[in-house]
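Build the full structure now, drawing on both the sequences and the hints.
Number of protein chains: 2
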Amino acid sequence: MLDFQFSCPTKIIFGKDSEQQLGSQISLYGRKVLLHYGGGSVIKSGLHQRVINTLAEAGVEVVELSGVQPNPRLSLVREGVALCKEHNIDSILAVGGGSVIDSAKAIAAGTCYEGDVWDFFTGKAQLSEALPLGVILTIPAAGSESSSGTVITNEDGWLKRSMGGEILRPKFAIMNPELTYSLPPYQTACGIVDMMAHILERYFSNTESVELTDRLSEAALTTIINNAPKVLDNAEDYDARAEIMWAGTLAHNGLMGTGREGDWASHQIEHELSGIYDIAHGAGLAIVFPAWMKFCQRVNPSKLAQFAERVMGVPADFDGDIALEGIARFETFLRSLAMPVRLSEADIDNRHFEEMATKCIGDGLLGNYVQLSRFDIVEIYKLAQ
Amino acid sequence: MLDFQFSCPTKIIFGKDSEQQLGSQISLYGRKVLLHYGGGSVIKSGLHQRVINTLAEAGVEVVELSGVQPNPRLSLVREGVALCKEHNIDSILAVGGGSVIDSAKAIAAGTCYEGDVWDFFTGKAQLSEALPLGVILTIPAAGSESSSGTVITNEDGWLKRSMGGEILRPKFAIMNPELTYSLPPYQTACGIVDMMAHILERYFSNTESVELTDRLSEAALTTIINNAPKVLDNAEDYDARAEIMWAGTLAHNGLMGTGREGDWASHQIEHELSGIYDIAHGAGLAIVFPAWMKFCQRVNPSKLAQFAERVMGVPADFDGDIALEGIARFETFLRSLAMPVRLSEADIDNRHFEEMATKCIGDGLLGNYVQLSRFDIVEIYKLAQ
Numbered sequence: 452m453l454d455f456q457f458s459c460p461t462k463i464i465f466g467k468d469s470e471q472q473l474g475s476q477i478s479l480y481g482r483k484v485l486l487h488y489g490g491g492s493v494i495k496s497g498l499h500q501r502v503i504n505t506l507a508e509a510g511v512e513v514v515e516l517s518g519v520q521p522n523p524r525l526s527l528v529r530e531g532v533a534l535c536k537e538h539n540i541d542s543i544l545a546v547g548g549g550s551v552i553d554s555a556k557a558i559a560a561g562t563c564y565e566g567d568v569w570d571f572f573t574g575k576a577q578l579s580e581a582l583p584l585g586v587i588l589t590i591p592a593a594g595s596e597s598s599s600g601t602v603i604t605n606e607d608g609w610l611k612r613s614m615g616g617e618i619l620r621p622k623f624a625i626m627n628p629e630l631t632y633s634l635p636p637y638q639t640a641c642g643i644v645d646m647m648a649h650i651l652e653r654y655f656s657n658t659e660s661v662e663l664t665d666r667l668s669e670a671a672l673t674t675i676i677n678n679a680p681k682v683l684d685n686a687e688d689y690d691a692r693a694e695i696m697w698a699g700t701l702a703h704n705g706l707m708g709t710g711r712e713g714d715w716a717s718h719q720i721e722h723e724l725s726g727i728y729d730i731a732h733g734a735g736l737a738i739v740f741p742a743w744m745k746f747c748q749r750v751n752p753s754k755l756a757q758f759a760e761r762v763m764g765v766p767a768d769f770d771g772d773i774a775l776e777g778i779a780r781f782e783t784f785l786r787s788l789a790m791p792v793r794l795s796e797a798d799i800d801n802r803h804f805e806e807m808a809t810k811c812i813g814d815g816l817l818g819n820y821v822q823l824s825r826f827d828i829v830e831i832y833k834l835a836q
Numbered sequence: 452m453l454d455f456q457f458s459c460p461t462k463i464i465f466g467k468d469s470e471q472q473l474g475s476q477i478s479l480y481g482r483k484v485l486l487h488y489g490g491g492s493v494i495k496s497g498l499h500q501r502v503i504n505t506l507a508e509a510g511v512e513v514v515e516l517s518g519v520q521p522n523p524r525l526s527l528v529r530e531g532v533a534l535c536k537e538h539n540i541d542s543i544l545a546v547g548g549g550s551v552i553d554s555a556k557a558i559a560a561g562t563c564y565e566g567d568v569w570d571f572f573t574g575k576a577q578l579s580e581a582l583p584l585g586v587i588l589t590i591p592a593a594g595s596e597s598s599s600g601t602v603i604t605n606e607d608g609w610l611k612r613s614m615g616g617e618i619l620r621p622k623f624a625i626m627n628p629e630l631t632y633s634l635p636p637y638q639t640a641c642g643i644v645d646m647m648a649h650i651l652e653r654y655f656s657n658t659e660s661v662e663l664t665d666r667l668s669e670a671a672l673t674t675i676i677n678n679a680p681k682v683l684d685n686a687e688d689y690d691a692r693a694e695i696m697w698a699g700t701l702a703h704n705g706l707m708g709t710g711r712e713g714d715w716a717s718h719q720i721e722h723e724l725s726g727i728y729d730i731a732h733g734a735g736l737a738i739v740f741p742a743w744m745k746f747c748q749r750v751n752p753s754k755l756a757q758f759a760e761r762v763m764g765v766p767a768d769f770d771g772d773i774a775l776e777g778i779a780r781f782e783t784f785l786r787s788l789a790m791p792v793r794l795s796e797a798d799i800d801n802r803h804f805e806e807m808a809t810k811c812i813g814d815g816l817l818g819n820y821v822q823l824s825r826f827d828i829v830e831i832y833k834l835a836q
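Protein sequences, first through last, are from chains A and B.
Counting from 1, position 174 in the first sequence corresponds to residue 625 in this note's numbering; the numbering is continuous, with no gaps.
Counting from 1, position 21 in the second sequence corresponds to residue 472 in this note's numbering; the numbering is continuous, with no gaps.
These are calculated hints, taken from the structure and not from any lab test.
A hint or two may mislead.
You can't tell identical chains apart in this list, so a pair holds if it fits in one copy or across any two.
[What the hints assert, rightly or not] In silico DSS-like pairs for lysine-lysine, Cα to Cα no more than 27 angstroms straight-line:
1. Lys467 x Lys754
2. Lys536 x Lys483
3. Lys622 x Lys611
4. Lys622 x Lys462
5. Lys611 x Lys536
6. Lys745 x Lys810
Note that the structure is a prediction, hence the values are computed from the model and not measured.
Given below as structure tokens:
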């Protein structure tokens, strides 16, 4: 086990009546709030109006900024920073999923900084202060509701960059599984893949003697796999939605990484994919992860075999390669979510494989469970064909 | 799943070199610290001197208060409160196990209150402020290093009372598994039973649809069971000590209780036992828990069967009562730790059964998984004979 630090200060307020606590929570952080969200669905569901009413009852003054898109953009972040400075905003309330929360985190940091907020993403500035941030989560996927990081895309060159710090962890996260009933099956499935990937990126590690962290990860993965068909079968299955939602938070708050080195190659390999093609992050991960697993099975199969046995239910006395059988069952599971598991299923051909692999890592090495050269990454794209 | 709130703000600093961060951490909370500890072992191991040196290097002024005993006493807490007020102490550093940390929590609360600290334990005063508290953990057992509660014994009437609040969670907890090498096997085993009991009290619940919380609990219990023989076999097995230590924290930081009602009858039944007899809390729990399980198996066996299968490894097609077999295997495990599992093994006879049961609950009902009358509690003491 490696040395580690862990804390999870975000107050998780989970359940059917959790929005009722919005007023008392947001009031802890001042009287002027920036209400940040995407657009259509939050309005259509009536959540936006309920939030507005609650904030009014709490005597909180509201400035609104909507329009967050998937892969949240720097231009909107800059607009948010300007608004917060202009109106002397005390805190930010993000209503939405990972993109909205990430955008809000960047605004929270940029407001407390004299220079340009992009400086944090280039390493030019160090994060030390940020506005307090509260969250109402509507999409279980990215885990941003209690994580310390944010990923923003700069439209000038389409650079996707991340930054993070403990100060960015939301102060509170209101999580009502009922708010996820209206998620379409495709978005539900993408979220499920995303949260599983957050666990798997930490799980596939060469660090030995991490039994507790392994077993916690296997517990979360098994729970997600058991509840995924339930939420796809019945979008209003409260308990299954709740299991998925809570798992998505724990998948990315740091707990599943305690004491070990993570991998994160698949995320990078997927980023290049969604950089060129219009494919959702979760769908891209559903394609990349099995291919990455197949590549790793050839050189480092041990943890894949453990995954196969403990998560995918392959019996220890399976007649054949346990790791490969586990990967096959994982693919079958992904297909059951109606996720693509081959590039061809997302209409992606082989013409950019070399370019994406080179952009991904150049002449360096990517990942930790197996260190990948750009030639290996091309091989992984081929395995995903 | 029930609605819940969860946060775990304590900064866990875990690993071989974690004490090196003491100076920088404690300095965040002022320049005058109360150093609170038990006695012999912390001095003998050299840890006390190392802490003193580190605090001196950090330029922190130290006032010392030692002498904490198991079942920490109100008189020493009052002494601590007086010292903190007299010396304008900024923060408290607890070096030890649960008793030291609980004592420190009470001092932290009492220092910020004009009245008598016992008022918090009787409900006369509401907790709103406390000095910041840091911890160097030397005994993995009680989970107090990141929990929000404290239990103190008032020698005037030997009343053992608890109180809690988010403000009492330690700011940081330094957890170096090497510091637990010197724990004698008996104390190691008592700690293991204590942390398992913290999980089991939450696990045995009638709340349905708590799959993630169940599986996380099973993950932690399995890890503890697998690593217990290793630390008893080799006191300096770093990795096994680390698994046990981290499991002890997660057992009681609230995570394993998310979304469900806990039971806590066994803790109460044990408290009466250790109120009359000189028996360690962990040893008492090793006697009470199997008896409680046997009683519950008669009326509500379902979760006991799940425990048997998922934690104690009883095969689903076991020829016999799965729950009873699980309890038998749990007893065998406790015996392997050299823990007593019968009252007779702790030289306790039946003469106080009625008295203890009546003190425990009077004419009311205790617990949730099965609601127990005092007659049921007598039955449980009999099952433990």
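Status of each hint after checking the structure:
When the C-alpha separation of Lys467 and Lys754 is checked against a cutoff of 27 angstroms, the pair qualifies only between copies, where the shortest distance is 25 angstroms, while the shortest distance within a copy is 38 angstroms. Taking the shortest Cα distances, Lys536 and Lys483 sit within 27 angstroms of each other inside one copy (12 angstroms), while across copies they are farther apart (38 angstroms). When the C-alpha separation of Lys622 and Lys611 is checked against a cutoff of 27 angstroms, the pair qualifies only within one copy, where the shortest distance is 25 angstroms, while the shortest distance between copies is 35 angstroms. Proximity of Lys622 to Lys462 under the C-alpha cut-off of 27 angstroms is found in both arrangements, the shortest distances being 6 angstroms within a copy and 15 angstroms between copies.
Taking the closest pair of Cα atoms, Lys611 and Lys536 come within 27 angstroms of each other only inside a single copy of the chain (25 angstroms); across copies the shortest separation is 53 angstroms, beyond that limit. When the C-alpha separation of Lys745 and Lys810 is checked against a cutoff of 27 angstroms, the pair qualifies only within one copy, where the shortest distance is 22 angstroms, while the shortest distance between copies is 62 angstroms.
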